[in-house]
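Protein sequences appear in the order of chains A and B. Be aware that the first sequence starts at 150, since it is given in this note's numbering, and climbs by one per residue. Be aware that the second sequence starts at 123, since it is given in this note's numbering, and climbs by one per residue.
Since the hints were derived computationally from the structure, they do not count as laboratory data. Cβ atoms here follow ideal geometry from the backbone N, Cα and C, with glycine treated the same way. Please note: incorrect hints may appear among the correct ones.
[To be verified] Far from chain B, some chain A residues (derived; all Cβ distances over 12 Å): (1) L211; (2) N306; (3) S396; (4) G401; (5) Y407.
[Said to hold, decoys possible] Which residues of chain B face chain A? A few of them, derived with a C-beta cut under 10 Å, are: (6) V188; (7) V190; (8) F191; (9) S193; (10) A223; (11) V226; (12) V228; (13) N234; (14) D238; (15) V241; (16) I242; (17) M245.
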Amino acid sequence: MRYAVRALGWATKIVWILMVFFAATSVYSALNVKMGFGQPQVFLSSGFIIISVPLFVNNTGLYDLSELNMTVAVTDYNESFASTSTTFVPLIPRGSSIETAHNVSMSLDDTTSKLLDYLFNDTVFNLDLSLKLNFAGAIPFQVSTNMTMPWGAPLHNFSIGQFSYNYLNLTPQELIIPISFENHSPYFSVDGFMRVEIYNDNSELLGSSVSDLNVPSHSSYDGQVETIVDVSKVTGSGEVHFYFETSAFSIGPVVMSYG
Amino acid sequence: MVEKGQTKTFASKFVPRIVKATLLVIITYLPLYFLSAFIEPFQSFFPWYAPTTNLFAAVFMIFLVVGVFTSGTIYQYVFGVARALVTMIFFICVLNGGIVALAVPVEGASVNVMVDFRVILAMLVLVCLLGIGKNVVQAIDFVSAKVETKEL
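Could you put together the complete structure from these sequences and hints?
Following this line, the structure appears as structure tokens:
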């Protein structure tokens with residue numbers, strides 16, 4: 150009985166010492182782990198809106214960090230689910246650091262109506278960020294936050310003004326269409342080409358033209374498109390089709406009625 | 123003369139116990155004091171910590187002192203078991219059953235932090251169970267030794 154008591158006493162003492170040692174070194178290690186998110190960046194690339202969230206982890210503690218799992222879910226203004234993505238880092242050994250970018254991509258090709266919405270209307274994206282990791286293989290840890298990211302529409306308030314003709318004394322006439330919009334995007338400029346096709350109300354092509362666009366961030370465009378049209382086909386009303394080919398996005402036709 | 127002898131017996135019996143109890147209370151209180159000082163800057167995130175710890179410290183020390191004063195009797199082990207039970211309940215309460223969840227305001231946004239201490243809690247509970255087991259075995263040993271002495 151005495152031996153049993155003595156063994157239990159020693160076992161208790163040893164486990165207590167181990168616990169205190171592990172607790173102290175864990176607190177020390179946790180204080181030496183630097184982790185953070187950078188400012189999210191947004192850019193457009195081949196039919197995708199890419200939201201890039203920089204992440205850095207500097208583990209100068211005494212224990213390894215494992216199973217780092219970062220998930221970002223993006224929802225748009227009407228709470229509709231836009232995208233979700235996960236970044237997984239199996240191991241961050243002690244004394245090392247990682248710097249990675251977590252990319253959330255939203256395909257725009259399959260959601261033309263959404264793309265139009267994002268191109269022409271400002272909105273706010275809601276980002277749900279969650280980061281899980283296992284500390285020292287014994288303490289699972291999770292951080293989650295919610296942040297909003299304003300989205301500035303690159304073609305905000307896109308509108309066409311009153312048509313006018315530049316009479317050339319010939320059957321084809323030069324049609325002048327005033328166009329204006331504001332590039333609200335803080336992330337990219339609208340630079341490229343805009344093709345304009347004008348149709349009458351019988352859906353006959355009256356003429357088309359291509360214009361250069363170079364509208365930096367947070368600036369407005371106020372210009373006009375001159376198109377040679379066959380006046381004999383002009384019906385007073387119809388549609389204008391716009392095709393945009395820029396470094397950031399390609400879309401078309403964007404249809405606007407006139408008359 | 124008899125009174126003087128009684129006082130001497132009382133003093134020789136209780137003064138060492140008072141000294142021992144005082145020392146044990148100081149030794150027990152010190153880690154709690156340092157832990158509280160360490161936690162203090164984060165007190166707003168752990169509002170349940172201070173009241174639970176104060177209550178635990180009070181109850182634990184009462185059992186500790188009573189245990190010292192009842193040493194040499196079966197009650198020493200009873201209070202030892204009670205002390206281990208209180209410690210176990212304290213850890214379960216203060217670690218919120220193993221899952222500690224906090225909402226930390228950072229630059230206007232709320233960051234939710236969740237730490238899973240279940241493995242640590244399991245180890246702490248194991249230590250407390252070992253303590254309880256030790257006290258129970260000691261109590262059995264004490265009782266059997268007493269019975270043996272009586273029989274002899």
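Here's how the hints hold up against the structure:
Residue-level check passed: L211 (chain A) sits 16 Å from the nearest beta carbon of chain B, beyond 12 Å. With a least CB separation of 30 Å from chain B, N306 (chain A) remains clear of the 12 Å interface cut-off, as annotated. With a least CB separation of 33 Å from chain B, S396 (chain A) remains clear of the 12 Å interface cut-off, as annotated. Every C-beta of chain B lies more than 12 Å from that of G401 (chain A), the closest at about 39 Å, which supports listing it as non-interface.
No Cβ of chain B comes within 12 Å of the Cβ of Y407 (chain A); the nearest lies about 46 Å off, and the non-interface call holds. Given the 10 Å rule on beta carbons, the hint for V188 (chain B) is violated: about 20 Å separates it from the nearest Cβ of chain A. The interface hint given for V190 (chain B) is violated, since its Cβ lies 17 Å from the closest Cβ of chain A, which is over the 10 Å cut-off. Of the supplied interface hints, the one on F191 (chain B) is violated, with its beta-carbon coming no nearer than about 21 Å to a beta-carbon of chain A, more than 10 Å.
Using the Cβ-Cβ criterion of 10 Å, the hint placing S193 (chain B) at the interface with chain A is not satisfied: the shortest such distance is roughly 15 Å. A distance limit of 10 Å between C-beta atoms decides the matter here; for A223 (chain B) the minimum to chain A is near 9 Å, and the interface restraint holds. The criterion of a C-beta within 10 Å of any C-beta in chain A is met by V226 (chain B), whose closest approach is roughly 9 Å, and the hint holds. Because the closest C-beta pair between V228 (chain B) and chain A is about 8 Å apart, less than 10 Å, the hint holds.
Contact between N234 (chain B) and chain A, as hinted, is supported at the beta carbon level, the nearest pair being about 5 Å apart and thus within 10 Å. For D238 (chain B), the interface hint holds, the least distance from its beta-carbon to any beta-carbon of chain A being 4 Å, beneath 10 Å. A least Cβ separation of about 5 Å between V241 (chain B) and chain A falls short of the 10 Å threshold, and the interface hint therefore holds. The restraint placing I242 (chain B) at the interface with chain A holds, with a minimum CB-CB distance near 7 Å, inside the 10 Å limit.
With its C-beta approaching chain A no nearer than about 6 Å, M245 (chain B) sits inside the 10 Å limit, and its interface hint holds.
Checked against the numbered hints above, the structure breaks hints 6, 7, 8 and 9 and satisfies the rest.
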